[in-house]
Amino acid sequence: MKSLRREVERVVAPLQASPWRKDRMREELQAHLTNLYEDERTRLSDSDALAAALSRFGEPAELTRSLQQSIPRIERIAWFTFPGHDFGKRRPGESTTAHILRTAWYVAAWSVAANIVLIAVLPVIVALSRRPAAPERPSLVTVAAFLGLCTLVQIAAVTLLPLCCDLARRQVASFKTAPHRRLRHATLAALGWLGATSIGAGGVAIVVALFGPLFKIPIVNLRQFGLVIAAAAAITLFLSLIQSWQQARAAQQFDDLYGEAEVAE
Amino acid sequence: MKPIDPNHVRGHLDDLILAALERQAGHGWDICRRLEQSSGAALVVKEGSVYPALYRLERERLIAGRWEDGQSERRGPRRRVYRLTARGKKQLAAARGEWLDFVTVMGALLGAPA
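Protein sequences appear in the order of chains H and F. All the letters of the first sequence, read from the start, carry residue numbers 1 to 265 under this note's numbering. All the letters of the second sequence, read from the start, carry residue numbers 266 to 379 under this note's numbering.
If you're looking for bench data, these hints aren't it; they were derived computationally from the structure. We put the CB at the ideal spot given by N, CA and C, even for glycine. Take these hints with a grain of salt, some might be off.
To be verified - Quick list of the computed label-pair ranges, beta carbon to beta carbon:
hint	chain 1	residue 1	chain 2	residue 2	range
1	F	Asp270	H	Leu44	24 to 30 Å
2	F	Ala306	H	Asp255	36 to 42 Å
3	H	Leu239	F	Ser303	36 to 42 Å
4	F	Arg288	H	Gln68	54 to 60 Å
5	H	Ser45	F	Arg288	34 to 40 Å
6	H	Phe87	F	Asp270	39 to 45 Å
As the list claims (entries may be wrong) - As a list, the in silico BS3-like pairs of lysine-lysine whose alpha-carbon atoms are at most 30 Å apart:
hint	chain 1	residue 1	chain 2	residue 2
7	H	Lys22	F	Lys311
8	H	Lys89	H	Lys22
9	F	Lys267	F	Lys311
10	F	Lys354	H	Lys22
11	F	Lys311	H	Lys2
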């Protein structure tokens, strides 16, 4: 029952513990809470039984505190999480696209802020440096332009890349629900991953082509340039496949907790 | 019997769990039922609170746990069955001794010998 799973998740999710320990706790607490609910349901209506089971189970925040103390200190440190670390989690009622855009823009905002700080700090570092300026050293304007372009590429990457991966993931998921349109789904999935790969490779290509000569990056001929782009494409494709798999796993977990099947319960 | 204030149990839950597992291994649900039955329903703990205690005891090797085997006819999530270890038995014996001393002293102080 999803209400019970959600309750267990409220207890376990905030814990600073390894994923496998959390999985074990989830399973045990879920089993116990299910027993409690079934026990109460023999004499109460469904909703009253749920309330009674939760009351017997205990207050979630208190339980989380007690569980946290039962976890070895070394594990608590190893799995330490900063406040607000769960900004990337999908919220109930949020579509996958909205979730991707929200997290992408959060990451992009941090990236922009970091680059702005870097651009602001660079002249100070250069001014404080006592070493004489080398004649071939790029100007501050060039460095600032480079960081600005990197930021734009980053924004495009963190926004479009997960969207492409999500498109591919959805098409693969549709294999089961609409088997008669497999060719269409396969084509769209391939296009999704191709799009993601193009974004990764394209971003690297733009940055290297425009700024390589200015920074004296030793890429002198077209063959070497092609090799760098091919490597970028291969890495992006690999990361895209992993991201699609992670998205599928996260979507499954989200549906288990907040999916539409809850309405039928 | 009047219900026992759960706050009085705080600090003794670990020993109560060891005692509940003394005769027979069991999972969290069993332990709660045994505590309830042994106390004549006077002791009602928040059942979720048994698990942090179980994890703590397992970490201290006073109990050992294993997952229920897949042959069970029960559906749903698996349960973990705990049993008392030799170290746990020693701890339980020590806890009983301490408790007897405590009750003796408190009984004398309150004028209500055990």
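Inset, instruction - With 34 to 40 Å as the target window, see if Ser45(H) and Arg288(F) comply at their CB atoms. - result: holds, 37 Å
Inset, instruction - Compare the distance between the alpha carbons of Lys354(F) and Lys22(H) with 30 Å, and conclude whether the hinted pair is satisfied. - result: holds, 28 Å
Legend entry - 36 to 42 Å as the expected CB spacing between Asp255(H) and Ala306(F), which holds or is violated: holds, 40 Å
Inset, instruction - Take a quick look at whether Lys267(F) and Lys311(F) sit within 30 Å of each other, Cα to Cα. - result: holds, 17 Å
Inset, instruction - Can you let me know if the beta-carbon spacing of Leu239(H) and Ser303(F) is within 36 to 42 Å? - result: violated, 57 Å
Inset, instruction - Assess, step by step, whether the Cα of Lys22(H) is no farther than 30 Å from the Cα of Lys311(F), and give holds or violated. - result: holds, 20 Å
Inset, instruction - Take a look at whether the Cβ-Cβ distance between Phe87(H) and Asp270(F) falls inside 39 to 45 Å. - result: holds, 41 Å
Inset, instruction - Starting from the hint 24 to 30 Å, judge whether the C-beta atoms of Asp270(F) and Leu44(H) obey it. - result: holds, 25 Å
Inset, instruction - Take a look at whether the Cβ-Cβ distance between Arg288(F) and Gln68(H) falls inside 54 to 60 Å. - result: violated, 31 Å
Inset, instruction - Decide if the proposed pair is consistent with the structure: Lys311(F) and Lys2(H), CA atoms, cutoff 30 Å inclusive. - result: The hint holds at about 21 Å.
Legend entry - Proposed proximity, Lys22(H) with Lys89(H) (alpha carbon, max 30 Å): Holds: Lys89(H) and Lys22(H) sit about 17 Å apart, inside 30 Å.
Checked against the numbered hints above, the structure violates hints 3, 4; every other hint is satisfied.
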